[in-house]
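Dock chains B, C, D, E, F, G, H, I and J against the given chain A, drawing on the hints supplied.
Number of protein chains: 10
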Amino acid sequence: MAEKTGTSSGQPIAVLNVHIVHRLPSQSPLLFAAKKQKNLSFETIAQALGREEVAVAALFYGQAKASEEDVKNLAKILDLPEDKLMETEMTGWPDRGRQMEMPPKEPLVYRLFEIVQNYGYAYKAVMNEKFGDGIMSAITFSTKVEREDDEKGTWCKITLRGKWLPYSRF
Amino acid sequence: MAEKTGTSSGQPIAVLNVHIVHRLPSQSPLLFAAKKQKNLSFETIAQALGREEVAVAALFYGQAKASEEDVKNLAKILDLPEDKLMETEMTGWPDRGRQMEMPPKEPLVYRLFEIVQNYGYAYKAVMNEKFGDGIMSAITFSTKVEREDDEKGTWCKITLRGKWLPYSRF
Amino acid sequence: MAEKTGTSSGQPIAVLNVHIVHRLPSQSPLLFAAKKQKNLSFETIAQALGREEVAVAALFYGQAKASEEDVKNLAKILDLPEDKLMETEMTGWPDRGRQMEMPPKEPLVYRLFEIVQNYGYAYKAVMNEKFGDGIMSAITFSTKVEREDDEKGTWCKITLRGKWLPYSRF
Amino acid sequence: MAEKTGTSSGQPIAVLNVHIVHRLPSQSPLLFAAKKQKNLSFETIAQALGREEVAVAALFYGQAKASEEDVKNLAKILDLPEDKLMETEMTGWPDRGRQMEMPPKEPLVYRLFEIVQNYGYAYKAVMNEKFGDGIMSAITFSTKVEREDDEKGTWCKITLRGKWLPYSRF
Amino acid sequence: MAEKTGTSSGQPIAVLNVHIVHRLPSQSPLLFAAKKQKNLSFETIAQALGREEVAVAALFYGQAKASEEDVKNLAKILDLPEDKLMETEMTGWPDRGRQMEMPPKEPLVYRLFEIVQNYGYAYKAVMNEKFGDGIMSAITFSTKVEREDDEKGTWCKITLRGKWLPYSRF
Amino acid sequence: MAEKTGTSSGQPIAVLNVHIVHRLPSQSPLLFAAKKQKNLSFETIAQALGREEVAVAALFYGQAKASEEDVKNLAKILDLPEDKLMETEMTGWPDRGRQMEMPPKEPLVYRLFEIVQNYGYAYKAVMNEKFGDGIMSAITFSTKVEREDDEKGTWCKITLRGKWLPYSRF
Amino acid sequence: MAEKTGTSSGQPIAVLNVHIVHRLPSQSPLLFAAKKQKNLSFETIAQALGREEVAVAALFYGQAKASEEDVKNLAKILDLPEDKLMETEMTGWPDRGRQMEMPPKEPLVYRLFEIVQNYGYAYKAVMNEKFGDGIMSAITFSTKVEREDDEKGTWCKITLRGKWLPYSRF
Amino acid sequence: MAEKTGTSSGQPIAVLNVHIVHRLPSQSPLLFAAKKQKNLSFETIAQALGREEVAVAALFYGQAKASEEDVKNLAKILDLPEDKLMETEMTGWPDRGRQMEMPPKEPLVYRLFEIVQNYGYAYKAVMNEKFGDGIMSAITFSTKVEREDDEKGTWCKITLRGKWLPYSRF
Amino acid sequence: MAEKTGTSSGQPIAVLNVHIVHRLPSQSPLLFAAKKQKNLSFETIAQALGREEVAVAALFYGQAKASEEDVKNLAKILDLPEDKLMETEMTGWPDRGRQMEMPPKEPLVYRLFEIVQNYGYAYKAVMNEKFGDGIMSAITFSTKVEREDDEKGTWCKITLRGKWLPYSRF
Amino acid sequence: MAEKTGTSSGQPIAVLNVHIVHRLPSQSPLLFAAKKQKNLSFETIAQALGREEVAVAALFYGQAKASEEDVKNLAKILDLPEDKLMETEMTGWPDRGRQMEMPPKEPLVYRLFEIVQNYGYAYKAVMNEKFGDGIMSAITFSTKVEREDDEKGTWCKITLRGKWLPYSRF
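Protein chains in written order, with the working numbering: chain A, 1 to 170; chain B, 1001 to 1170; chain C, 2001 to 2170; chain D, 3001 to 3170; chain E, 4001 to 4170; chain F, 5001 to 5170; chain G, 6001 to 6170; chain H, 7001 to 7170; chain I, 8001 to 8170; chain J, 9001 to 9170.
Chain A on its own, in the form it takes in the complex (with noise of 0.2 Å):
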């Protein structure tokens, strides 16, 4: 299969750091090996996937469960033997959140954290106002990454999307 190969923006694709290897589960190393083999972006990879990108990402560090279809489709783009691919965690439930330290250390992932230590009580308090008293949730939710270019120069734009849970009175 002839997949567009490296990445759209022209940077090179991602692949995977050796020192956390330890702290992700055994399809990680698998998957970002023949990535990195076929010079693939999480792009290209998402398209054969009908996935979002940070989805697919979140796939190959372990933090996201693949459904059959997702298995399939991977293993056809990476040309890897899909029976190799079950035989790994990928058949097993994620156990999320254990491959980051809590402050991120890593610049790009502590904007994020510092965003969420400087708005948390704006946002809880914006947020109660318009929905009540309750939580967005992070588990029936979304999210993306898009770029915007305008004359001030590049921009970020992530989207999170969650479904309102008003907590149950009892």
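Hints were generated in silico from the structure; no laboratory data involved. Computed from a predicted structure; not experimentally measured. Among the clues, some could well be false.
Calculated lysine-lysine pairs in the BS3-like style (CA-CA distance at most 25 Å, straight line) [what the hints assert, rightly or not]:
| hint | chain 1 | residue 1 | chain 2 | residue 2 |
| --- | --- | --- | --- | --- |
| 1 | D | K3072 | C | K2157 |
| 2 | I | K8144 | I | K8157 |
| 3 | J | K9163 | A | K157 |
Frame of chain A, contents of chains B, C, D, E, F, G, H, I and J only:
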């Protein structure tokens, strides 16, 4: 001045919790008391200031800087003497982040923290492929909260939009 | 109104410990003082409010939101002026979790923490097999405490019941 | 022996995540490998052992002690030589709690942690009124997970049941 | 009532350190002030209450529950009005453990902590061999401090005695 | 040499948990393997060494220093070549405390920690009144575990006995 | 009484920083106020008490116990009524270590902490070879600070001297 | 070369604990193995190098830099090929402090930590009065351990001597 | 005295945030109040004192020691009675570092922390190659902040300059 | 190619400490091994790459991104096959900050941390007055280390230079 009282959602307005006052600057109790007295939502105040709701809430919690015009507008809409506001730390520089303990205990804020914890590396991989080596600024940055209702229920959408800053080569 | 005073178990009622007051919202001392004054148990108050005991205790500690009707009922059963209650943060939104240091030092609460620490992965494995990839909501959620006496002694039974939320595919 | 394979819910069975193996006793990889090989759910194994699912999962994670009979039954249902099992730490005493970092990063487990954090004092107040000064034992204790389906969706019910231990007077 | 003043060892009595008052319940300053005023040791008070010294000291620090009879006896020996004592949190339930930061900074208490840190696994191994899988209860529990003098000097002997609780099989 | 095998209680003997091996000195796996091989309890080994059970267990975990005579006795009772034992770190000095994370996660050890947390100040007050300003030594120190059975059940008694060290005046 | 005022070095005397007062016992502000009022150095006070400067400073910070004679001498040299001093916690037992956060933020104290951090194992190895298995007591202990001037500049010499305590064999 | 073997105290020499090897540079296992093989004390090696014992022990733990001459002398006294030593990180720069967790768990090291915790402010006050505003350098610094025996027993004396560095005025 | 009011940049002057006052010495509120009253920048005050701006700001936050001449100059430029200033802790010794929680939550300060976190080892390697084994003193040290404007925008330049201190050989 | 070997200062070059390798990406051991083999300083390599020494050291520690040209130049000066370098994570994105524990234990790095801890608020106040509300970027940023020798000794000068980023108004 006859502002619209209450929230457009019918929910009660947000007021100040007394047990975090000692972590806030001196204008916070003043602003929140007037907000409560006049029963104004952040939406209403934000319209009067021409700013986003989250920015205005951050301003009430001392997490953002008010311009002189903001102070004037706040004084007017909250029926507060402008010079009394000026005597507070509004004339100083925000000391951001102090009111929030991390990890956050508040479930609403924790969900945002969890999103960073779970998807941190996924965001990084996708953003590196899209933009190269750098970060999304949390300073040249804006954010907003929106409500979307569809047949599946009520959704909360948070948008984070920041300038992309590539690492300098030196 | 002639409420039943004391507890049905013959144990003294729960009152407020002064050294956590600074972590609680402004209605807490007010509510607890009236509860003590009238010698009412959470069981009695819960019946008057039509809510669970744990929910009512959470409400006294500022960990749950009172509806308008709850406020009315509380004012009545506690002989408190309704408007005085309304002046507190009862009209605001709960800032949950702040009164508890983790890990908990209190032995009773520590035992619950220990159950999560010891059986966390076991719960996860069983719940994943039973429900798939997701979580039990702590928001669309109720809980209760029951007493069971048998020949082996007295047993405490805690029930946690939450909506199952499957992870969204995105 | 012809055990029912897979789960009754149709969900995949739980397998072991490689990145927590170093926190588990030596029988864990062995047991999980056989479970995966034979595609058995904790429900099926629990029935064969006459124990609760959570207890059996805890046993797989080294968080509970297997009786000699349990070992025999496990060997049989998992097609493992009994003496090979006996050579592991199954003959030793569980070193509980080590596999879990607190606060838990896993969202499913975090929700249970959050319940303790939010309702800790409320549980204590209610339990003190109901039982007096003491704790609910986490040792003379059992727990189970049940599924309930109704028109509002699927619910997860966790029951914690422990002996009430009053503080000794000394 | 003419109680023996001072300690039998000739050492000054223990009084309250002002800088931990904010971590103690409201009866603590009251009880310690009367103790100081009347120059009574915990030994003397313990005899009057028919309890162990450690239990009585724990009671002064709000770490143990006083029975009604204890309150009466305390009021008598300390010359305090019984109803004044009853107005404090003595009528409430102890919120244990809050007055101690861990690891303890106080050298005397640190030594006890160090014993747990150094011999923790040794105790566990010995207790498992002696009693099976379980714990020594810290609730159905008593403790005392004794002094022994011999030719090698003065020795402090602490006895911890708790019910053995075997893990339930479930 | 024909030592009594197994424990006098009928409980299985304690063996080494593989996941703490990396926190232990090099003699620990050797000693525990021989202990398991010969099915010896700490009670039996302690009698052969003329030491307390807790001391011997501490020695197995590298938390106490073996004398030359201890090494000889250990070699004999465990059927280990003396020089092989001498090649381990038994000839070095114990690096105490490393194998235990604090706060302890193990419920049995946590209960001991909790006793220090709850009764720390009470112990201190009583000990100061009894002995003056100083500490109970954890070095010039011994400890033992005893079992007591009465009509109320089985009790575990731990004795801590240390030299009283008064603060030097300087 | 005409004490020598100021320090022999010509440096200003040490006074109390208001922001640690809440971590100190009640005699600390009293003693420091008189010290400031009379402009006395710890050197001068130490001579009057016949104690080391560090011991006297520790006494001012509530980290050491004053004997009755010390109290008398302090009252005299500081022109304080003896009974006023006795009303403070001077008559109680020091609650050591609470005024210091670890790791220390103060650069002077951090350097001492760093010495322990860097040379900890080196000290241990040397001390084990010199003395055997044990510790240097921090209780049967004295310390002093001396100044040495030579052609290379000014040197600070701290001496720590403690009794060697060998581990008991038990 | 015929060095004196063993220690002058008759105590066994210090050897390396295997469980901290992963925190040490590559020369540490090499040096300690040779030291054990030849049964040399730090005292003997220190004399051969013309350095203090603590400095030499620090050098073995990778906490100090060896000069070229030190390497030659070490090679000679330990019968190690000089070039083999040079291939280790001895030619690099020490990465100090990593082998020690703080607070230290080892009782011997903890006592030193406790001295800093208890007397930190006292040292500071005395040093400020003696030297002015500054610190005692931990870099332009030396330290030694001495043994003193008198009728009261054995004493350990540690001397810390550092250049006094006054804060620059800028 | 007619000082230039305001800042040369046209930005408002820095004033004190009320929520850190409890972490500052007693002169801080006094100095900041006068600074606000007279609308003086640190630049203006620094010129009057002949010191760097950062040093003067540190002095206001109690992080640096004022000389007698500094106090005189401060009194003059701030129109404060000299003896009133002298009554504060200005006559004492700075207790540095207490006002800052680490990691810093303030985004501006966090960026400096992040530079140390990211480039720490790189600085060390370069400095070791340039200077040998030692440190850059933070005591014999000065620092300044400069503004540079070019076609690419506005730049902030921070200079850190400290004496190089080689490790003593001992 | 004949590069200048060794450092211009006569100090040994920096090599890799084995105990942090597990925190570094896969190119780090490769690069450092070649650097050691060819005895090249960061100064020499930096000149070959046309970059700053700190940037190059950061590159060796995986804290900065190498451009394609950098990789070519590195391959040339270090005599490494270019494709071997490309197989490492050099083609991936740096995962910054993981190799450093905070607070840093290394004395050299701690001094930088201490500067942030002590002068954090002072920097902020001065920078706010000079630039307004914002931060100095650590991304659009460069840094260098310089050596200055004068009659008072050797000085280390670190320059941090970052773009000033004003907070967006939104």
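Structure-based check of each hint:
1. Proposed proximity of K3072 of chain D and K2157 of chain C is contradicted: the alpha carbons are some 32 Å apart, above 25 Å.
2. At roughly 8 Å between alpha-carbon atoms, K8144 of chain I and K8157 of chain I fall within 25 Å of each other, so this suggested pair holds.
3. For the suggested pair K9163 of chain J and K157 of chain A, the alpha carbons sit about 22 Å apart, so the restraint of at most 25 Å is met.
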